[in-house]
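Student: Take a look at the letters that make up each chain.
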Amino acid sequence: MKIDEVLRDLYEFKWFKISAAIFLGGFFIGYNLGFLDFVPTPIPFQYLVPYLAKAMSSAYYPGSVPQIDKLDYVKYTFGEAVVVLGGGVLIGLATVGALFILGLSIGASLPSILEYAGVLAASQSIIFAVLFTCAMIFLGTSGLSLGSSILHIAKNTAFKIDRRTYDAFLLGLAFLILSILMELS
Amino acid sequence: MKSLNVAIVLMLCASLAFTTWLDGAGTQTPIVAVQPQLSRSPLEFKQISLEVKVINATYAEFEFSASILNTSNQTLQYVIEFSTSTGYAPYYLFAPPLPPAKPLEFAVEINSEKFGRLDVRVKGSTATAFSSLEAEGDDRIHLDGWMVLTQIRYLIWREYLENYVSFSFRPEVQYEGPALASETDLQVTFSYPIEYTKADEANYRVEIVDGYKIVRYPERFYGGYGLSFNLYKPRIPATSLIVFLALWTLLIAVVVTVRRRHVKD
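If you read the protein sequences in the order shown, they are chains A and B. Number 126 in our numbering belongs to position 126 of the first sequence; there are no gaps in the numbering. Number 108 in our numbering belongs to position 108 of the second sequence; there are no gaps in the numbering.
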């Protein structure tokens, strides 16, 4: 099966649309709040994405020296991916919350990065944000689909998982690896 | 019934006796609070003036002058001290080791009308000079200096300048906390670039001269005085504004497209 067919199938998958809507909705709210100065101090949400928080906190607090090593970036990114995917076992509730908060975190961090970080740091942050967004949306699709399958069992119907759940998982994993490589570079 | 009446009378007597006993036990000898004798500072000040001019976001000049009188009947050694902001404390996302402190850039020159230029020692954010006054003698001190402004905080729509300077005069020995308030007023003249707004600007009459705002106001002098700058100016966030507009354009486009589909259906 070709990748374009997989993507087309996923585009039609309702859980992909729901996952993208939740994440991008959080991103939109976060970006607007950040841009309108409603997050003048680094709020905990931004710590969820320390790779972006590093650039953001140095903008708001010129004297700040974030002491995070690359291993922290990997730990956080991987941990969030696990929550988004594994949250499906709670009929997708944890996935929904994690997707929204991660979208909010990335959105709230970006305005200050665009304003104050240098061209290189801003470019790296944007590339990372795009890769991370793709990873979370695909893993979220997989998690929500898994949640739906678990709900089917609860309704005493047969347990079945849509093929696109696996595709979303594999694509999410690929983007996750790319975003981790971006953090390590 | 008779026994009940007897019991009630006994209980009433017992309760009255108990109350009386409690009152007696609760009586305490009054403690007379003695007002501590406040030692009046031997230093008195008059004709105090402070002029601070913020030239731009990174540089400020200041000038302080005061006449000092030694009210005691013995020669008094005293300290003149100037200190400035140390900058923002480093802010960490996770517990880290402290980085080396960035040295502050400022210079102070202190002149006494009696002794001429005083020797100024700088340590960290504080400059100190020592002088003396004979019994019931007086002197006039002039303090001039400049400083690089370090406390700048950025938001998306505002840029804040949050530095401060402080001046202090105190006896070298037997310093017993803050000196008593001087009756004399301190005349403060604070000027800053016109594009900035002082946080409490609305409380003052603001003059505009040569591109600078000037506020003048009297203050009480407590043997020391601290002046916070607390200025801000608006800024237009160019880069993030483009993304903001792009996001809203996209949202509107999506809403319009979806609505059109609904109309067709």
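Treat the hints with care, as some may be off.
What the hints assert, rightly or not - Simulated coverage check for chain A against chain B, where a stretch passes if three residues somewhere in it have a Cβ under 8 Å from a Cβ of chain B:
id	stretch
1	22–36
2	74–88
What the hints assert, rightly or not - Covered stretches of chain B, going by a simulated chain A footprint (3 or more residues, C-beta under 8 Å):
id	stretch
3	112–125
4	156–166
If you are wondering where the hints come from, they were derived from the structure by calculation, not from laboratory data. Glycine included, every Cβ here is placed at the ideal spot set by N, Cα and C.
Student: For this structure, which hints from the list above don't hold up?
Tutor: 2, 3
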